[in-house]
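J.: Could you put the whole structure together from the sequences, leaning on the hints where they help?
Those protein sequences? They're chains A and B, same order as listed.
Just so you know, we're using our numbering here: the first sequence kicks off at 1 and counts up by one.
Just so you know, we're using our numbering here: the second sequence kicks off at 1001 and counts up by one.
Read the hints as simulated data drawn from the structure, not as lab findings.
Don't take every hint at face value.
Residues on chain A that point at chain B, a partial pick, calculated with CB under 7 Å [stated by the list, open to error]:
no.	residue
1	28
2	48
3	71
4	98
5	100
6	120
7	140
8	153
All C-beta atoms in this analysis are idealised placements derived from N, C-alpha and C, irrespective of residue type, glycine included.
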Amino acid sequence: MLDRAGVDRLGADRPTTGALFAGFFSIGICGFGGVLPWARRMIVEQRGWLSAAEFTDLLALCQFLPGPNVINLSVALGSRFRGARGALAAFFGLMSAPMVIILLLGMIYEQYGGLPGVRHMFAGLAAAASGLVLSTALKIAAPLRHKALDVLMAVGSWAAIVLLHVPLIPAMLVLAPLGILLAARGRR
Amino acid sequence: MSQLPALAGLYAQLSLVAVGGGNTVLPEMQRQVVNVHGWMTGQEFAALYALAQAAPGPNMLVSALVGWQVAGLPGALIATGSFCAPSSLLSYVVSGAWYRFRDARWRRVVQAGLTPVTVGLVMAGATLLTEATSVDWRFAALTAAVTLVLTLTRLSPLVVLAGGAALGASGLL
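T.: Okay, here's the thing in structure tokens:
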């Protein structure tokens, strides 16, 4: 049953730990430039582990909690179906291939990073990656642009880090409660 | 090896304050790695970040590369493990209870309140990275062009990153 929030899916048709590992492994190797779209495709469209609405709800949790979203997603989904073993299977499925690949790339970089041609290549790659993060930031900022208070909060958070050089943890201790307070007042 | 506890401590902290995903802690990671611990220059950090972006998998794998540079394979495993473990444990514990609160008002308020902060922090990370990678005006122009292309078109980021690497390698920049 593809019912709400997976509460009815704890019968025999729930994915095994092996299937969880394999499913998340497939996301890990193909997830270029962000893994979330691939995760949705595998979980909802290819394997039917969750309905679209269930996926959105689980994703909301994983974005709400701290930490890398897709890793939270693997742990939450794995534990929902198969408890602690399922969580471990999904987590290691997701991480094992990318970890090996990134370390191989790191070794190549360490070996050849000093050559002028390679250095130039990486300077270009790094400048392009900055553009990638800038555009990500712009995309997540776009929905806020009509809310003056949200824009102010976002600019204030940016300025605290970039202009005032406040370390993140003290900044968060002020910004997070302030943002939540403003959101609570705005909704009243 | 003596850097392993520092790596573990840094990434465990970052894990728990990464509200809104891994990119939120990018400015703090850069500040700690470059300014506080002096493990590498800002430009080296930006290159490692770019490498992690160009590889498949979750984009927080920059932690593995930082760990690798600082203390080899143990460093890579410790940094990545410390970055994942605290938040994963929290997900494990909380995900069962989450469904019950799905319509709770406080949940929506907290989420609405944190979103602009997340936006500001990701933008801050982008600003600091851009400062580090803009060696001269030509690299700054490349960053600006990539930002425009990725914001306005649906071109794959991987294609654009490869284009940036090719431009750099060609020596035109």
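J.: The structure should be examined with respect to each hint, and the outcome stated for every one.
T.: Each hint, compared with the structure:
1. Of the supplied interface hints, the one on residue 28 of chain A holds, with its beta-carbon coming within about 5 Å of a beta-carbon of chain B, less than 7 Å.
2. With a least beta-carbon distance of about 19 Å to chain B, the hint placing residue 48 of chain A at the interface is violated under the 7 Å criterion.
3. Interface restraint check: residue 71 of chain A against chain B, minimum CB-CB distance 5 Å, threshold 7 Å, status holds.
4. Proximity of residue 98 of chain A to chain B holds as hinted, the smallest CB-CB distance being about 2 Å (cut-off 7 Å).
5. This hint is violated: residue 100 of chain A has a C-beta 10 Å from the nearest C-beta of chain B, more than the 7 Å allowed.
6. Below 7 Å, beta-carbon pairs count as interface contacts, and residue 120 of chain A has one with chain B at about 5 Å; its hint therefore holds.
7. For residue 140 of chain A, the interface hint holds, since its Cβ comes within 7 Å of a Cβ in chain B; the closest pair sits about 6 Å apart.
8. The beta carbon of residue 153 of chain A is positioned within 7 Å of a beta carbon in chain B (closest approach about 4 Å), and the interface hint is therefore held.
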